[in-house]
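Construct all of the structure, not just a fragment, from the sequences and the given hints.
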Amino acid sequence: MSDLNTASNLEKVLKAGHIGVTSECGPPRGSDADEVKKKGALIRDYVDAINVTDNQTAMTRMSSLAACVHLKLMGIEPVLQMVTRDRNRVALQSDILGAASFDIPNMLCLSGDHQSFGDCAQGQNVHDLDSMQLVQTVRYMRDEGKFLGGDDIKRPPKIFVGAAANPFADPFEIRVPRLAKKIACGAEFIQTQCIYNLDKFKEWIKIAADRGLTEKTFIMAGMTPMKSVGMAKYMKNRVPGMDVPDEIIKRLAGAEKGKQAQEGIDICVEHIQELKELNGVSGFHIMAIEWEEKVPEIVERSGLYPRPEV
Amino acid sequence: MRLKIPSNFRIIRVPCTGKVDVIHILRAFEKGADGVYVVGCMEGDCHFNEGNFRARKRVEQAAKILDQVGVGGERVKMFNLSAGEGPLFAQFSIEMDNIIRELGPSPIRVAKQKKKDAA
Amino acid sequence: MIIAEKKPIEEIIDEVKDFNRLLILGCNECVTVCEAGGKKEVEILASALRMYFINKGDEKVITENTLERQCDHEYLEELRSNIDDYDAIVSLACGVGVQFAAEKYLTTPLIPGVNTVCLGANEDRGLWTERCQACGSCVLARTGGICPVSRCAKRVLNGPCGGSTNGKCEISKDVDCAWQLILDRLKALDKMGDYEKIAPIKDWSTDRAGGPRTVTREDVKI
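Chains as they are written, first to last, in this note's numbering: chain A, 1 to 310; chain B, 1001 to 1119; chain C, 2001 to 2222.
In case anyone wonders, no lab produced these hints; they're calculated from the structure.
Below, in silico cross-link-like pairs of lysine-lysine (DSSO-like), each with a Cα-Cα straight-line distance of 27 Å or less:
| # | chain 1 | residue 1 | chain 2 | residue 2 |
| --- | --- | --- | --- | --- |
| 1 | C | Lys-2039 | C | Lys-2006 |
| 2 | C | Lys-2187 | A | Lys-206 |
| 3 | C | Lys-2060 | B | Lys-1114 |
This structure is a prediction, so every number in the text was calculated from the model and none was measured.
This is the structure:
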């Protein structure tokens, strides 16, 4: 995993053996680019790259690609998230080229939440490809320099390709085989679902490591600080595929009034510090949802600041 | 046992209320009936296991259609009793008669009469 | 079979109100089995419409008929001699039957009396569920006999997606996760090893995407 395939800073950091740090920024529900720029400016010095979500929870937002371009023009490295829900293979390949034309060097391939969760529940979904096939597509375009249709691409996209993994979704027994499939499809880095159940995560990554999978990809542990005990309960009970142990809820509930948010940050920092030492963890993906201003604190207190110059 | 019951209805005997279909109920209304009631065995006591449950569902279906076409779903009812309960049958008949008298004649009967008068 | 669902009577009334002589036309095949458009449903709809229009003082001539199939020339031809007796036909067949009749009787308005829902099975009394989307290129041999195209809300060919929880789909607790069913089958077949085979990018040209589909059999044409 030492040769560089792209100009991605994230790829360089990970391949140099540093613990990588990414965060995310959700584009606004409007056309004001300042919202993206502000979020970007807040966290740019504390991360190696910033994910830009693609109409998350199927709510219509500013396009991920456009928001990535805003960040890129500020000199911030984006990770373009792309879901297969809204675009067929023509549009996906075209957007990949569009991203590459701005030298956006990272992509995260996802299937996307079902449209029934969003504001267009009556809309069609596409799912021409699934997330694994999208990973294959980007790798094919980059490595073979060809479109899916077989024609040559002039200036193929140089994109570092990632996929998501959820160590906690059902059924557990296929969590590692599923990771293996994504790696076989060409996923060079993996960003996981938010981790709260450390024991289960450790079990997952151990099985993955035993299969040699952690040598084949960079696994970035997903971290989301809890703002309140209400959020923790919501995540536990309402968000599919989320595993929030009762200890977390108890600890947040036990915090002094007005200090739950700080407790949430503390838990997040402690988890990062613990997982940092874990074999197979190559980095952290900090998703502070509408709470980007806390990312610097989390990164600093976790001992991940300053970010390496590579 | 001589029981006083209203004399303004026709009894249509069926081997089991499970034999009663939605169309039988609708046809009765089409022909000018002001109301239809289906009297079945006690729930759980059907010789054919679920005949009376089927009948109840069909009565509900018929009621819905009667509502949709402006006749009124409250004109059709399902009652249950066991075979020996003659007085209960009489009571249901009186109950139904009262319901229908309160509702007045079926609009279908009124419309048909109007047409006949015009002819 | 093809699963259909009765349209609300109000909708049918609105479509037929300006015609005087109606034929309510049922079909003896799929729609009979799924209790949406067979002989019984023809009788019920005809009776309901008669009552509605009598009540409105707008009596119509409503004829009932149920054909063996509406997707076959042979049976649809039975209408030809009387076709001029009707100002419109309410067909309770699936979308196929409605169109086939419309193509055959060019000057007779055709009104669908059912919504055609899917290709499915009668899972339980009063419950019909989708099993196939007629994608034109069957993958069941590789998915334990359970179809991810019709039964996964995202038709994910390498599933399950992250939304699978306790064997249910993220869209509803009442919907099974197709990939959970696939995994259960693979396990029962002792073929869990097959799970890691990657399903290639699918050729959807045999699906709706490729335009109207036809099957031509020169070997049976006369």
